[in-house]
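Colleague: With the hints as extra help, turn the sequences into a complete structure.
Chains A and B, in that order, give the protein sequences. Residue numbers for the first sequence follow my numbering, so the first one is 1 and each next one is one higher. Residue numbers for the second sequence follow my numbering, so the first one is 1 and each next one is one higher.
Since the hints were derived computationally from the structure, they do not count as laboratory data. Among the hints, erroneous ones may be present.
What the hints assert, rightly or not - Pairs of lysine-lysine residues, derived as DSS-like cross-links and limited to a Cα-Cα distance of at most 27 Å, are as follows: (1) 328/A - 743/B; (2) 627/B - 551/B; (3) 328/A - 753/B; (4) 478/B - 156/B; (5) 165/B - 427/B.
From a predicted model like this one, the values you see are computed outputs, not experimental measurements.
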Amino acid sequence: MHLKYESQLREPLVYGDKTYSKVTEDIVRPIEAKPTKLWYIGFYIAVALLMFGVYSVYREVTYGIGEWNLNKTVGWGWDITNFVWWVGIGHAGTLISAILLLFRQGWRTGVNRAAEAMTIFAVMCAGQFPIFHMGRVWMAFFVLPYPNSRGPLWVNFNSPLLWDVFAISTYFTVSLLFWYSGLLPDFATVRDRAFTKLRKRLYGIAAFGWTGSTKHWQRHESLSLVLAGLSTPLVLSVHTIVSFDFATSVIPGWHTTIFPPYFVAGAIFSGFAMVQTLMIIVRKVFAMEDYVTIGHIEAMNKVIVLTGSIVGIAYLTELFMGWYSQNKYEGYTFWYSRAYLFSPYGWSYWGMMACNVLSPQIFWFRKMRRNIFVTFFMSVIVNIGMWFERFVIIVTSLYRDYLPSSWSVYYSPSIWEIGFYAGTFGLFFTCFFLFAKYFPVIAIAEIKYVLKTTGEGYKNEMGNIEAQKLEEFVHEHAH
Amino acid sequence: MEQKKHWQSFGELNKSEAYNKDVKDEFKEDLPFVEDESKGFLNAKAPRRDFLKYLGFSTAAAAAAASCEMPVKKAIPFANKPEDIVPGIAKYYATTYVQDGDTVSIIAKVRDGRPIKIEGNDLSPLTKGGTSARVQASVLDLYDTSRLRFPTINGKETSFEAVDKAIAASMSGNLVILTSTITSPSTKAIVAQFLAKNAGSKHITYDAVSYSGILLANEASYGMRAIPSYHFENAKTIVSLGADFLGTWLSPVEFSKQYANGKKLDEKNPEMSKHIHFESVASLTGANADEKYLHRPSETAAIAAALLSAVNGGGVSGIADARLKEGIEKAAKALNNHKGAALVVAGSNDVNIQLIVNAINNAIGAGGTTINWGVINNIRVGVDADFAKLVDDMNAGAVGTLLIVGANPAYSWFDAEKFKSALKKVKTTVSFAGKMDETAELCKFVLPDHHFLESWGDAEAKTSYFSFLQPTIYPLFKTRQWQDSLLKWSGANEDYLGYLKNFWTVKLGGTNGWDKALQDGVITIGESSTRPGTYNGTAVAGALSAATAAKKGGKIELVLYEKIAIGAGQGASNPWLQELPDPVTRATWDNYIVVSPAMAKTLLNIDLNNAGQADAYEVNPPKKLVKVTVGGKTIELPTLIIPGTHPETIGIALGYGRSEKVGKSAAGVGKNAFALASLSGAAVNFSHNDVSLVVTGEKYPVALTQTHSRYDTEQGNRTEVVKELSLAAYKHNPTEIRDEREKELAPWGGLEKFESQGTLYPVFDRPGIKWGMSVDLNTCTGCGACVVACNAENNISVVGKPEVLRGHEMHWLRIDRYYSGDMDNPNVVFQPLMCQHCDNAPCENVCPVAATNHSSEGLNQMTYNRCIGTRYCANNCPFKVRRFNWADYTGSDSFGDNQKGHVNEVVLDMNDDLTRMVLNPDVTVRSRGVIEKCSFCVQRLQEGKLKAKKDSRVLSDSDVKVACQQACPTNAINFGNANSKESAITMARKENPNRQFYVLEQLHVLPGVTYLAKVRNTDEMPAHHTEGEKEGAKKEHTEKAHG
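Modeller: Pasting the structure below:
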């Protein structure tokens, strides 16, 4: 039995009188059952979006970036906005699995699998943008530093874009490994329950021959810790490096030292919001309210209100510095191009402020934190707000920079830019639907790990024991 | 050790002859395998590797061949190489740009038989190597796909022999040759000869925008229907009444050169000419003026009269506007202060106004100093009344045969319908137009003329100043010079070349003289001395009374003007000119109604002083459409708000709305405004004093390349961008700009040490060559010649209006226009901006693949092959000079045949095989998806360095001239090796320490381009100079600027 003792006052992490077999049954059920109609509808919509995205990208690759509405002044628009947005979303998974693991936060077990899957898919979506925003994507391999036959040519290690290449590919690799190593025991469970040969074979391959021996478990635990140790700095580094794309430049509105922490906080903010959006749907659809409990939702809402406020302070600091620095270029960007509501892009700044800073304050109230509808609504709002944030940073800084002569006409996306973005949603949800159908969406092994300390049934049992008189307990156990 | 051999057949065992043969011929073809004695292929030790090698190679090659479909373009070498042509080495021929009356001596650069670039001819005493945008762009006209390729009768293709016969048969009745101004003496002789042969025939000159007013006024004042030479360089005071002499008036290249002389500032002895300008609609010349006053067009005569009165010591009367009155008084005072070194010019086509101007010029002693009657300007001789009479004659059936050369009245005559119906009454109509223009379309016979680069000829822009034309390419099509036709029809035996040669050998006394003249391209013969002209002022009284009696204007008045690029429509079919942003409005590909900010407020409900409304106007290309009604004729155009325009006047550019037959780039671009003009007296009047405007409520997009125009925004006076000050302020404190820079950079070691102390990184030495550029904002007039020169030199793509609308224009060099001060009548500064070739370039370090990097000679280089198109460099460029290939504009994509998506008609037309002949083979055309930008004409730098190296000497300034520098008519651009002690660039920097600045210097990007601040010759003193307070300087300056 687990030695950890958890107070009766804490809410259980698993509701219902669950046993190990009940847990397995609950979580593996959707994998073994036929997909519902709803699943098919959702899946096909996602695939349709993906196809539209593929066509949008096809046009852009074959005809040129001119298919988008970027111009000589605004060289990045929706493309990099979406990139940063998706990378940001891809932050919660690793944060939940790695940092919370190191901090021994038991509540992570209910959401970590889905959150990690979301991370993987979000980073996959994010990766599309820097690749396909290139004018000559077929030459994209130029960014890889490998010995080549093109003379002394080598990548430019000074460029933040190159750092991105390393940061994101590393992050993706480590997240994938982490996620997959966690999946091994669960795949083995599915394999062991398989009712057809094919299933047995496929899940058998996926499980890498997991037998559940003590040695396996011991190695699994160590590997998890090692990967968690590796991922922890990555959570901070990825978005820090993404922020360097802007912070190391000379453009007013980009050239700010506050970016790394501000971007990381924002990334966690948006990542948790996205986990909320997805988990609220998943727990409902797969009837997993017992595992992803209201307590989980409340815990994540606390993270959201914290990070949202950090982001808010960052915005205010930027505004303050825009004035305090007495740099007229910066002042113009922050106070006019952004904060002045009636400037051409003022709406995006105030949209961002409303979504990211003001509305999450609602989570100071416990009642709101525990309200599913409010949470779902807010999680969507936060992600809209975070999209605005990236749009504000990229477009409002670029479209009016130093020379007034170069100030740009109003940039708004073309249908193919929107299509590309929609396509990444398609990719994301296609992956997510497949994941929900074929993978255990909750880490079975990890739930079992905390079940006896935090499961409602066991807690009740323990409560009963505590309430029992000592004599009775001794008497009972003497038999 | 011998290997044991196993036999496989009896043949092998016996080594029979048949077997041996078989073994040897196992492969019928020769395979390049190593023959291994008699052992056979499979037994050999080495060939297995060879086999694998070849297998690998052939698989790879097959895969490569199958996957990469690259279009194959064949280059055919000479069968017999011409002796004097070395492939890859350019040849230069002196010739002359002739477009109607406009005449500029040029040098054509010919590569492999194709003229590809035009430079000014330094030997010309008139233009002195200067060019204009139109001259630079004219080489593209040679390769225009819409040029006529053969003679036609009633639109059907035929041969010249057949046409000659048919015309000989149908020539009847009175014959008229209708031409635009001819400056060629030999042509004039041929015309005279032809007229003499045909009794009752005559020659009428028609200029689309005529100078009838001046010609007739001069006839009255000086007894000569001619235009004298103007000498702006001799003028200390220049007063212009709406004459756009730096842009479109008469001979702008020549005048720009002269004008720049007076504007060049010697820092040790700061004196400049003073230019006071009166105008109704913002023009390039007005933008350059030291002081500018706005008036209604109907007031011009009154202003001229008032100025005359003031110059003669009388008061200014009849002028209601206080500021305008003050301006006239000021102008009169300045003119009187510099008697004998002053000049007044007027752009009006009104005889009376020009008569008054003649009187003023006489009063201020311009004759013999700034006006020379000894040398006549021949470039405009047409008088509108003559043409009007011709139209009446034609209507009356008095003209039997009409030969039309250069003139295009069906398009540019204000009453084109009348001309068209008159033309129907002429039995035989012959056009010599090179393109199917609006008039040629209506002619029975069309005998296309050569392009001037295919032609022989001569020109006499000014009396005694001759310039020659020689062909630089064999005629591309079945065309014939019209002089040849005339000679043939007058029964001469020789062709025009023979005639011309004879004409000149007689004049020059031998073929040697002719050869030399042709080689130089210019010659001056029999120059007469400077003459003031004999002035006769009798007509002035009548003119003055006409001026006072002139009808007062209505609520809103109209001015029709020419644009620098398009002119009277000649440039409309040239994509380079269409895409050249107008210097004043920064618009491309359209004409529009120019309105003042005040009118915008009342008429369009747009208040530019309201930040939100100004933004909305600036960032959205669709502009409000307005219907203009002038005397029953209406025209609907979008409106552009241009400060510096009179509040009750609108302006519309001529030259648009041409027939699509003259070129794809002219099709559907703008509207023809010639119809709004009217004939008043003997001259066409290009203004109207009562028009009505109706806002239609609809919008129409106008492709602007610059949307925002103020650097002194409310949110901060961005003086690091551009610096300007008054001459008085400069004299008061010459080091003001230097002090300001010093103060700004003080925390980082000041000016001296900024480079090393402004960074954490080590600083590198820059030995050897260090290319640098210096641009003098004082002499730059903003004319745009450099922009087109850059287009031509560097194969810059034309992208068409839809792409310019989306901010996709590709110009490597642009001319920024900034306003400062008063919104209604602001100061204007032009700033040519190209890649600044920063030594600490922000674009270089952000490229992930190092596609842009720094050369040891200070060039910021762009490696197109390496570029993957992340556009990060463009984002991080504080000057926004990098351009991205958004689509396959050049047809050089990695994917063949991929000119789709946003590639429009104009781009396709520019990629036609014929048009591509204009490409400079020394410069790569850029493929889709890569960034490009100014390279400081690196191909020229290489060529210059090699030249010096071949001669084993140090590189000198004359070895290297970049395209923009060479094209500039005012020598505002200086370029060279900044490390050399003798180079012009070093001298320019050394001699102008006080006006020198770098754009955005504080960023520590260390630009390689220096600018010299604009100094305006005014007495304005910013408040802080008089108070001597440095602290409040900035604030007050800003306040002043907002005035």
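Colleague: Determine for every hint whether it applies to the structure shown.
Modeller: Hints versus structure:
1. For the proposed pair residue 328/A and residue 743/B, the alpha carbon gap of about 16 Å is at most 27 Å, so the pair holds.
2. The straight-line distance between the Cα atoms of residue 627/B and residue 551/B is roughly 24 Å, inside the 27 Å bound, and the hint therefore holds.
3. Taking the CA atoms of residue 328/A and residue 753/B, the gap is about 24 Å. The hint holds against a cut of 27 Å.
4. Between residue 478/B and residue 156/B the CA atoms are separated by roughly 14 Å; this keeps the pair inside 27 Å, and the hint holds.
5. Between residue 165/B and residue 427/B, the direct Cα distance comes to roughly 16 Å. Compliance with the 27 Å bound is thereby established for this hinted pair.
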